[in-house]
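Place chain B on chain A using the hints.
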Amino acid sequence: MRILDRLFLWIGSTFTLSAYMGSTKIQGLLWSAADITLALVLLKIADEARARAGKGRIRIRYALIWASALLTPLLVLARTPVEFFYLESVIFALQYLVLLFSVFTESRMILRAIRETRKG
Amino acid sequence: MEKPFFRVMAVLWLFAEGILLVAARWAAGTVRGEGKPQGKFITVCLLLFFLLAGAAFFGETAFRAWHPDSRRIDLFLYNSTLWNLFCTAWVIIEGLIVLHLFHIDGTMKGTRTRPGSAAAAAFLLVALPLAFFLLYQAQLVSVVARYRLGTVAASRISRFFIRLCGFLWIAFEWAAALVGLRILRRLRHPGVTSP
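Here the protein sequences come in this chain order: A and B. Numbering (this note's numbering) for the first sequence: 326 to 445. Numbering (this note's numbering) for the second sequence: 2 to 196.
Since the hints were derived computationally from the structure, they do not count as laboratory data. Each hint should be verified, as a subset may be incorrect.
Stated by the list, open to error - In silico DSSO-like cross-links for lysine-lysine, where the CA-CA straight-line distance does not exceed 27 Å: (1) B:4 x A:350; (2) B:110 x A:369; (3) A:369 x A:380.
What the hints assert, rightly or not - A short list of chain B residues far from chain A (calculated; beta carbon distances all over 12 Å): (4) 17; (5) 44; (6) 46.
None of the values given here were measured: they were computed from a predicted structure. For every residue, glycine included, the Cβ atom is placed at its ideal position computed from N, Cα and C.
Bound-form chain A, shown alone (with noise of 0.2 Å):
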């Protein structure tokens, strides 16, 4: 048999549906923590752009990404990978929904401070 074949068969009669669900929770609050860090740090950057064009600080978005931590823990409670999709769906839509609206409105703004940083 070749050891390809072993792994492949091995893993078909290991990673049961609890095995699964398990490294899922897992991924699922690494993956969170990632997104809540990866909007954040797009927020100080445009909050940084905006402080140098003269505009207010971002308040509404900031909510909404610690709103998505507070549901994050939430992940480890659910029985199903159905259960556990939909809440995903949750809390990423709210993430994912930071994450595109201040690339489509801040952009511009971020790209002229980087570009003034550049030449000062």
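What follows is chain B alone, placed relative to chain A:
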């Protein structure tokens, strides 16, 4: 991709990631002062997106129509291939976003990436995950056929691929966040050189 909600979310995520990729590519070009035209790139991305979205919503019906005698395991393998292809696409997109963020950071630092090496990195970020997906799915189909595995064992093997992809795209997201932090530091402290 059994439930309609799963399909809708998968397609929406792909679309959102695609927008972020186009934005990152545009930003990297603008920061470098190249202002690369986006038309062709966006057209190719949209074409691939509609192909994948079409496969997600209508592929199963088409598969049943073309293979009326297909067994449950055949339909499972079709769905597994499609879902794993979506996961591969997310890995590729995340990888390319990180690459463009690295270019922005490098330009701010004052180092210029050679076009050849940037293209090679982009090619590897697309080709390696795609090759891994093709080999994994081929091996999955082969093992299922030769050892007459049922849907339970086949779904475990298929889910393992999703898990591998998941950890890869999380690694890319963390990389994107860390490069973002470097960009933020360069914005706040222009004179200070980061490693």
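Each hint, compared with the structure:
1. B:4 x A:350: Holds: residue 4 of chain B and residue 350 of chain A sit about 21 Å apart, inside 27 Å.
2. B:110 x A:369: Holds - the C-alpha atoms of residue 369 of chain A and residue 110 of chain B are around 19 Å apart, at most 27 Å.
3. A:369 x A:380: 13 Å, holds
4. 17: The claim breaks: residue 17 of chain B does not keep its Cβ more than 12 Å from every Cβ of chain A (closest is about 5 Å).
5. 44: Holds, because the least Cβ-Cβ distance between residue 44 of chain B and chain A comes to about 20 Å, which exceeds 12 Å.
6. 46: 15 Å, holds
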